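Enquirer: Residue strings, one per chain:
Number of protein chains: 2
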Amino acid sequence: MGDSILLAHGSGGRLSHELVEKTLLPFVANQELNKLDDSAVFEASGRLAFTIDSYVVNPIFFPGGDIGRLAVCGTVNDLAMSGAGPLYLSLAAIIEEGFLLSELEQVMRSIKEAAQEAGVSIIAGDTKVVNRGQADKLFITTSGVGTVSPGVDIAGANARAGDKVLLSGTVGDHGIAVMSQREGLEFSMSLESDCAPLNGLVAGMLEISPRIHCLRDPTRGGLATTLNELARQSEVGIIVEEVTIPVRGEVRAACDLLGLDPLYVANEGKLVAVVDPGDADSVLAEMKRSNYGRDAAIIGEVTSEHPGKVMIRTRLGPSRILDMLSGELLPRIC
Amino acid sequence: MGDSILLAHGSGGRLSHELVEKTLLPFVANQELNKLDDSAVFEASGRLAFTIDSYVVNPIFFPGGDIGRLAVCGTVNDLAMSGAGPLYLSLAAIIEEGFLLSELEQVMRSIKEAAQEAGVSIIAGDTKVVNRGQADKLFITTSGVGTVSPGVDIAGANARAGDKVLLSGTVGDHGIAVMSQREGLEFSMSLESDCAPLNGLVAGMLEISPRIHCLRDPTRGGLATTLNELARQSEVGIIVEEVTIPVRGEVRAACDLLGLDPLYVANEGKLVAVVDPGDADSVLAEMKRSNYGRDAAIIGEVTSEHPGKVMIRTRLGPSRILDMLSGELLPRIC
Chain A
0 MGDSILLAHG SGGRLSHELV EKTLLPFVAN QELNKLDDSA VFEASGRLAF TIDSYVVNPI
60 FFPGGDIGRL AVCGTVNDLA MSGAGPLYLS LAAIIEEGFL LSELEQVMRS IKEAAQEAGV
120 SIIAGDTKVV NRGQADKLFI TTSGVGTVSP GVDIAGANAR AGDKVLLSGT VGDHGIAVMS
180 QREGLEFSMS LESDCAPLNG LVAGMLEISP RIHCLRDPTR GGLATTLNEL ARQSEVGIIV
240 EEVTIPVRGE VRAACDLLGL DPLYVANEGK LVAVVDPGDA DSVLAEMKRS NYGRDAAIIG
300 EVTSEHPGKV MIRTRLGPSR ILDMLSGELL PRIC
Chain B
0 MGDSILLAHG SGGRLSHELV EKTLLPFVAN QELNKLDDSA VFEASGRLAF TIDSYVVNPI
60 FFPGGDIGRL AVCGTVNDLA MSGAGPLYLS LAAIIEEGFL LSELEQVMRS IKEAAQEAGV
120 SIIAGDTKVV NRGQADKLFI TTSGVGTVSP GVDIAGANAR AGDKVLLSGT VGDHGIAVMS
180 QREGLEFSMS LESDCAPLNG LVAGMLEISP RIHCLRDPTR GGLATTLNEL ARQSEVGIIV
240 EEVTIPVRGE VRAACDLLGL DPLYVANEGK LVAVVDPGDA DSVLAEMKRS NYGRDAAIIG
300 EVTSEHPGKV MIRTRLGPSR ILDMLSGELL PRIC
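If you're matching them up, the sequences are chains A and B in order. Residue 0 is where the first sequence starts when you use numbering that gives the first Met the number 0, and the numbers rise one by one after that. Residue 0 is where the second sequence starts when you use numbering that gives the first Met the number 0, and the numbers rise one by one after that.
The set of hints was computed from the structure by calculation and includes no laboratory data. Treat the hints with caution; some may be incorrect.
Given that identical chains are not distinguished, each listed pair holds provided it fits within a single copy or across any two copies.
Unchecked claim - With a straight-line Cα cutoff of 30 angstroms, these simulated DSSO-like cross-link-like pairs (lysine-lysine) come out:
no., residue 1, residue 2
1, K308, K136
2, K34, K136
3, K308, K34
4, K21, K287
Only a predicted model underlies this, so the values are computations on that prediction, with no experimental measurement involved.
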């Protein structure tokens, strides 16, 4: 079937079936997906979380990951941010005619590995092919379903004055890693995307404190935008201490060079948690025990002052408003 | 915010929020979606169906529908083809920089209307923007969740020798309608896509006969490809009578002109049902009572001969193999 994607791979006919059966299924095979019916069927009960995200990252391969790992982790994380244990994913690919089958296989391998790490199965899928020049290589959309345990009530609107704001690690790694790859910059050999599934980290945190108020992963728009979303949704103020926010030296250097603020740069393996002050220390300790929370820190707190706004106390002392991202910082970062 | 999509609308920051709150949410607002959390949460129990499809149709507006109606109906139908009553959809849009906001609103209006007709809520969403020339206007991916009633067991592998094969109406309407719009051909004023949600039709059929064996909507690859899929999955033969397959006069004329076979042209509001012979007449009568099954017909039967293959008895008498679509007939038809 040649070494690149043809329009006929999207026809729904013979080549579509060959593509699915020979190139895609071998990586993600499971009983439900293998049936190749119009829907997958599974048993569930209770509260279910449901989410969807498209991934259009450019380039599709970057230090620390690729679009496949990103598409699995991003949707797993959106489920985890609602306190849900991810169960199943569905995945739809839009592929540009001429895309290399070898690259598609590489992406499928990443999808398989990330799904295994997160403990989710991909039980439904779709493939479309568009003519050369009508898409840029490969776009992936993943949707996910997960279960929310009884008693868990996590929402962007649940932050309360007095709550502590926790961050699971360094900010800006993903955006700068993708940016450096895209622009051919080589800031450092060690600069990698933080792209990772956070459901294990969240499960540990919820065991310590089932009453966590908010969880959110600071992806597009970065930490600053996520904090603003939470302040707006909960109608509270948030104040953070700049000095407590961990930023890798290489990321800070790259940001200085590019005129970027790491607080606005995308992350793909970090979370912000808003927790009751009485739980903050024990949740932090639990986060630090996780592979993906080693550099966790308490970065601020929720206040009844300046509702809807985020203030940052800078290294130099004075406080300023930390606004939501305005304009476009880095297109196609996820 | 201007009259077309900017890269900043995909930043995750201020303009992204404005786009969601002012242009997208007003059309599909509901309690769960309005929360703007990372996942929507709903209660469910029992067997759930889960599916996903991307839509890349070109042009995005065509006689009888547009990409929005297609994205809702296509996923509703994939759920219905598993015998599931659709509950919730999630929807992700990949938008090209420069796409007109007025066109986006028109698509959102279609999404709203189709969702209302099908009785589903869109409870999760995502928007990405890519640079001009990196996508063609608008791609939409929808994922859906539905419930399968106890006792219903519909799968492509369930056809048995002796079963009757039913078709809900005329074939080729969608493909020819899109094709005529794309190529600027005007075959007929009355030629429209059949794009429609079939969950109501299926619910009626399942009330008459909960033990329907297979349901499938003959989209890409057309009726011929769908019949081949069922023959392969069930390891049975299928024999159909060409004279029983309804084709509109305009569709036949357009196909003749373009050198196409309507049996391979995509449909978006039709279904194939494989039912126990004892149920065939009552299911057919029920289909004919539905708005979307008025032209339904019994078109053939399942046989233990030639397993995995479909035979067609032609108008002129002799039978021939009706193969799966090979090659690309009409790119970006859905």
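Enquirer: All hints are to be evaluated individually against the structure, with a verdict given for each.
Expert: Hint check results:
1. For a Cα distance limit of 30 angstroms, the shortest separation of K308 from K136 qualifies neither inside one copy, at 39 angstroms, nor across copies, at 35 angstroms.
2. With identical chains, the CA atoms of K34 and K136 are at most 30 angstroms apart within one copy only, with a shortest distance of 28 angstroms there and 33 angstroms across copies.
3. Taking identical chains as interchangeable, the C-alpha atoms of K308 and K34 lie at most 30 angstroms apart only when they sit on different chains, with a minimum of 18 angstroms there against 50 angstroms within one chain.
4. With identical chains, the CA atoms of K21 and K287 are never at most 30 angstroms apart, being 42 angstroms at best within one copy and 40 angstroms at best between copies.
Against the hints set out earlier in the document, violations occur for numbers 1, 4.
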